[in-house]
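Fit chains B, C and D to the given chain A structure using the hints.
Residue numbers (the numbering used here), protein chains in the order written: chain A, 1 to 267; chain B, 1 to 267; chain C, 1 to 267; chain D, 1 to 267.
What the hints contain is simulated information worked out from the structure, not anything from laboratory work. Only a predicted model underlies this, so the values are computations on that prediction, with no experimental measurement involved. Treat the hints loosely; a few may be bogus.
Pairwise CB distance ranges (calculated) [as the list claims (entries may be wrong)]:
no. : chain 1 : residue 1 : chain 2 : residue 2 : range
1   : D       : G27       : A       : S254      : 34 to 42 Å
2   : B       : R167      : D       : H150      : 28 to 36 Å
3   : D       : V56       : A       : D175      : 47 to 55 Å
4   : A       : Q121      : C       : A139      : 23 to 31 Å
Where a beta carbon is used, it is the ideal one built from N, C-alpha and C, also for glycine.
Protein chains: 4
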Amino acid sequence: MTVSTKAKAPPTTRLCRHTLTSLHYGGANLVDDLMGQKTFTEVLLMQILGRTPRPVDMRIADVVLIVLMEHGLTPSAIATRLVYMSAPENLQGAVAAGLMAVGSSFVGTMENCSRLLDRLQAAADPQGEALAIAREHQARKQPVPGFGHHLHKPVDPRAYKLLDLARAEPELPGDYLRALETLSRAVDTAAGKPITINATGAVAALLGEIGVPTEVMRGFAVMSRAAGLVAHVVEEQQRPSGRFIWETVEATISFDADPVALEPEQL
Amino acid sequence: MTVSTKAKAPPTTRLCRHTLTSLHYGGANLVDDLMGQKTFTEVLLMQILGRTPRPVDMRIADVVLIVLMEHGLTPSAIATRLVYMSAPENLQGAVAAGLMAVGSSFVGTMENCSRLLDRLQAAADPQGEALAIAREHQARKQPVPGFGHHLHKPVDPRAYKLLDLARAEPELPGDYLRALETLSRAVDTAAGKPITINATGAVAALLGEIGVPTEVMRGFAVMSRAAGLVAHVVEEQQRPSGRFIWETVEATISFDADPVALEPEQL
Amino acid sequence: MTVSTKAKAPPTTRLCRHTLTSLHYGGANLVDDLMGQKTFTEVLLMQILGRTPRPVDMRIADVVLIVLMEHGLTPSAIATRLVYMSAPENLQGAVAAGLMAVGSSFVGTMENCSRLLDRLQAAADPQGEALAIAREHQARKQPVPGFGHHLHKPVDPRAYKLLDLARAEPELPGDYLRALETLSRAVDTAAGKPITINATGAVAALLGEIGVPTEVMRGFAVMSRAAGLVAHVVEEQQRPSGRFIWETVEATISFDADPVALEPEQL
Amino acid sequence: MTVSTKAKAPPTTRLCRHTLTSLHYGGANLVDDLMGQKTFTEVLLMQILGRTPRPVDMRIADVVLIVLMEHGLTPSAIATRLVYMSAPENLQGAVAAGLMAVGSSFVGTMENCSRLLDRLQAAADPQGEALAIAREHQARKQPVPGFGHHLHKPVDPRAYKLLDLARAEPELPGDYLRALETLSRAVDTAAGKPITINATGAVAALLGEIGVPTEVMRGFAVMSRAAGLVAHVVEEQQRPSGRFIWETVEATISFDADPVALEPEQL
Numbered sequence: 001m002t003v004s005t006k007a008k009a010p011p012t013t014r015l016c017r018h019t020l021t022s023l024h025y026g027g028a029n030l031v032d033d034l035m036g037q038k039t040f041t042e043v044l045l046m047q048i049l050g051r052t053p054r055p056v057d058m059r060i061a062d063v064v065l066i067v068l069m070e071h072g073l074t075p076s077a078i079a080t081r082l083v084y085m086s087a088p089e090n091l092q093g094a095v096a097a098g099l100m101a102v103g104s105s106f107v108g109t110m111e112n113c114s115r116l117l118d119r120l121q122a123a124a125d126p127q128g129e130a131l132a133i134a135r136e137h138q139a140r141k142q143p144v145p146g147f148g149h150h151l152h153k154p155v156d157p158r159a160y161k162l163l164d165l166a167r168a169e170p171e172l173p174g175d176y177l178r179a180l181e182t183l184s185r186a187v188d189t190a191a192g193k194p195i196t197i198n199a200t201g202a203v204a205a206l207l208g209e210i211g212v213p214t215e216v217m218r219g220f221a222v223m224s225r226a227a228g229l230v231a232h233v234v235e236e237q238q239r240p241s242g243r244f245i246w247e248t249v250e251a252t253i254s255f256d257a258d259p260v261a262l263e264p265e266q267l
Numbered sequence: 001m002t003v004s005t006k007a008k009a010p011p012t013t014r015l016c017r018h019t020l021t022s023l024h025y026g027g028a029n030l031v032d033d034l035m036g037q038k039t040f041t042e043v044l045l046m047q048i049l050g051r052t053p054r055p056v057d058m059r060i061a062d063v064v065l066i067v068l069m070e071h072g073l074t075p076s077a078i079a080t081r082l083v084y085m086s087a088p089e090n091l092q093g094a095v096a097a098g099l100m101a102v103g104s105s106f107v108g109t110m111e112n113c114s115r116l117l118d119r120l121q122a123a124a125d126p127q128g129e130a131l132a133i134a135r136e137h138q139a140r141k142q143p144v145p146g147f148g149h150h151l152h153k154p155v156d157p158r159a160y161k162l163l164d165l166a167r168a169e170p171e172l173p174g175d176y177l178r179a180l181e182t183l184s185r186a187v188d189t190a191a192g193k194p195i196t197i198n199a200t201g202a203v204a205a206l207l208g209e210i211g212v213p214t215e216v217m218r219g220f221a222v223m224s225r226a227a228g229l230v231a232h233v234v235e236e237q238q239r240p241s242g243r244f245i246w247e248t249v250e251a252t253i254s255f256d257a258d259p260v261a262l263e264p265e266q267l
Numbered sequence: 001m002t003v004s005t006k007a008k009a010p011p012t013t014r015l016c017r018h019t020l021t022s023l024h025y026g027g028a029n030l031v032d033d034l035m036g037q038k039t040f041t042e043v044l045l046m047q048i049l050g051r052t053p054r055p056v057d058m059r060i061a062d063v064v065l066i067v068l069m070e071h072g073l074t075p076s077a078i079a080t081r082l083v084y085m086s087a088p089e090n091l092q093g094a095v096a097a098g099l100m101a102v103g104s105s106f107v108g109t110m111e112n113c114s115r116l117l118d119r120l121q122a123a124a125d126p127q128g129e130a131l132a133i134a135r136e137h138q139a140r141k142q143p144v145p146g147f148g149h150h151l152h153k154p155v156d157p158r159a160y161k162l163l164d165l166a167r168a169e170p171e172l173p174g175d176y177l178r179a180l181e182t183l184s185r186a187v188d189t190a191a192g193k194p195i196t197i198n199a200t201g202a203v204a205a206l207l208g209e210i211g212v213p214t215e216v217m218r219g220f221a222v223m224s225r226a227a228g229l230v231a232h233v234v235e236e237q238q239r240p241s242g243r244f245i246w247e248t249v250e251a252t253i254s255f256d257a258d259p260v261a262l263e264p265e266q267l
Numbered sequence: 001m002t003v004s005t006k007a008k009a010p011p012t013t014r015l016c017r018h019t020l021t022s023l024h025y026g027g028a029n030l031v032d033d034l035m036g037q038k039t040f041t042e043v044l045l046m047q048i049l050g051r052t053p054r055p056v057d058m059r060i061a062d063v064v065l066i067v068l069m070e071h072g073l074t075p076s077a078i079a080t081r082l083v084y085m086s087a088p089e090n091l092q093g094a095v096a097a098g099l100m101a102v103g104s105s106f107v108g109t110m111e112n113c114s115r116l117l118d119r120l121q122a123a124a125d126p127q128g129e130a131l132a133i134a135r136e137h138q139a140r141k142q143p144v145p146g147f148g149h150h151l152h153k154p155v156d157p158r159a160y161k162l163l164d165l166a167r168a169e170p171e172l173p174g175d176y177l178r179a180l181e182t183l184s185r186a187v188d189t190a191a192g193k194p195i196t197i198n199a200t201g202a203v204a205a206l207l208g209e210i211g212v213p214t215e216v217m218r219g220f221a222v223m224s225r226a227a228g229l230v231a232h233v234v235e236e237q238q239r240p241s242g243r244f245i246w247e248t249v250e251a252t253i254s255f256d257a258d259p260v261a262l263e264p265e266q267l
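Chain A on its own, in the form it takes in the complex (with noise of 0.2 Å):
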């Protein structure tokens, strides 16, 4: 049969290709170049990037997909064992249900953040920019993105070790972790005391480093909690934790038919 539509030439793609005999990522032959010679972060960078990845490029993928995977019981791990324990049959809906949670309010966070590093990079003052914006955020009394962490005081550790492996890598040009030291300097002279730069900041710098678009840094959190997830469905497979949670939280939370006692500053 035939189709005609209003779109003049059809998009392509660059990512892959099969024929009967054969599977193509990008140019490379699945079975002949990369299966049994490469890693999973090897491949996975190779497609997102559009490039050969350097050694540089894994150490730095493979340590900001490490520190994401895992921050025990999150709203990401407890969403997916309670879909896991109603839905055993579908792993995979578990673990979408726990990526949502991959939002705005936690990892999303680095997006913010590296926008801001984009910006102070573009700056003709530097400094003054990343003063601007910290005094910015201190006026509507929000934190900077990147940095602040209501876990981990007074430093997240996870910051200064991916910092610090950045650091000694002297293939990376360093231009995003000059912004974020600048912009680190700005928010404590803000503050009036050291504030941390956390994990998610940190991770803006060192992907930026690596040439990942700001739009993308997301992904990375997400291929690492999907990782993180498996893991919380097999835990929930062999120490069981949802009915726990529920009766739980069904026990702590109860009924209070009458809204102007509870919140009256938002009726």
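Quick look at chains B, C and D alone, frame taken from chain A:
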């Protein structure tokens, strides 16, 4: 442009067509025939069943959709609230996460019950078949789908109200209701004591009575829970619970690295 | 067991409580007060708005829920059908996948339109404010949210029917309707030609009229599309399209590894 | 505050614990023991398997994760692209939507194949058992899980490369590989012609060899596809295909309201 595919003839749709100046749901003009004239329940039944629903269809669908909407802080509702807290810009993702808990373990049981009701209706000796089903499940120590409820004892009040409402409808053929009664007597006999019909068992019978195929039934739970979960999002906006649930779970489930002490039989 | 948390007082819920023998939605007994007496639309409004809905609230909600249900083979419907083909045991996952396409680009525009209507109602000079909004968007070459439709020209017939139905309701205050009219005149003035109000713009005004907060509006699209997508799953069971869509897309989008030739401006 | 629940003892977790100044994955200190020292594959295996992975485990996991990452414009990839077009602010939702297509019909088949391999290993007469399995499926006109591929003929090249790589690993016990070979001979015998082992069949054998339980296997597809789908999102940012796919599908699947003419056997 022109496209050729291997497919002989493309599939067609009966659900909707649109022109520059009109939109049609099936054979009905949305603006002229439906808007301001039909209810949500009426139009969703029309689209799902592919026919004009009778008043009795709407009464049955309404009561089913009401009954499945809410059961407090279920796994579904908790997942929705945690995802909403994490990504409040993405209300649809929070509802979608909760819907994925509408699975085999909870509301999905209506499908399994409906399959048993189909089996009884096809049997030469429904009583004998029902007893065989009840004893089969007893031997495997599994509840018969549609029977028993861990939160409602001795009876699930929703189930008996659903059945009363359906019995009061002279236009329904009654075959599914009778099959459920037959199965209920067999379940009681096998158990040696009364076991409650539960809401999903009664829902299976009611939806069967209005001609909803077994494999479509779960869709009614999905529509109903979507509404229930939107209400949970609204409550989360007004009385946030997500951080409390997170902290409560984190504080309750502690770290224990020793696998042997915990689940020796699973290693 | 006993759990201690850092939280001072747990949150409460107004949505539902249950005992061994009863279930309550807010202050209503499900079995005695709702089942057989209320429609789906009535109960979902009661739960979402936290008050007893008036007949006018139900008429407005019904027409909004009907209008947003269907628009043929949208990205949403295609995603649902492809996921259902891949995992037919998991109807809820297919609907959830489609719901995630209810995003910022399509129905989410009702929120943005509603925010503009709030701004006009708060303005000292609504006409001036409306013109400022229209010219702002024109300068950025962006459509004003709630205006224009790429598939319906010259007017979106749904929008004008929605507004007619709302204007015929004397109990509605009319503030959102008037704000939308003001904005519409300004949009036409700025464009130098009439630009249609679209369905999401009219929906924003109607939901505003019955007291639905802006940040809840997207929930109505979610509930409505959940029903529409269940109908697409049913049609996929009866007239499978998934494999055809897959083959058509595979046959149309070809492999082209050369990034430079394709999108020079994006590199 | 203090909470009492019905549960006797809360569950525990072995995955992660955190203090103000540290984060631990199982028994390892994230900053001191993992960051900069381990790869993504190594840490995900450690978390999922609950043990220190050997180099052979990593080689097998890497090749499996590479092989399942991509197969062009699959239902999964199309769903992700359409959802991304509709809600570009919500990258995680787009990936989650595509992951839900990792279901029973496609990659989920590795679980079903693995169950057969377990059955052969437990059988007194594996050859006889294998033939029985092959004939059973033939009689039901169903493919044996792990065999046959509609896009790769006469053989799925990925499967044989996977098996070659595994056979070259002296540390693997070989039981799953032998079971798959036994099953393959039986499938050929029953068919009277060679039927290819496919990628999911070979993946089941390889994951079995490194001790991945059957019910965890689908998790490897989920992690791998998450990476593949992130690459599709990136390509959708650079070479948008969503609107083209939408228009192509809309132009191809036309409206036909008459159910009788279309699928008489289904009514």
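Verification of the hints:
no. : hint                           : in the structure
1   : D:G27 with A:S254: 34 to 42 Å  : holds, 39 Å
2   : B:R167 with D:H150: 28 to 36 Å : violated, 50 Å
3   : D:V56 with A:D175: 47 to 55 Å  : violated, 40 Å
4   : A:Q121 with C:A139: 23 to 31 Å : holds, 27 Å
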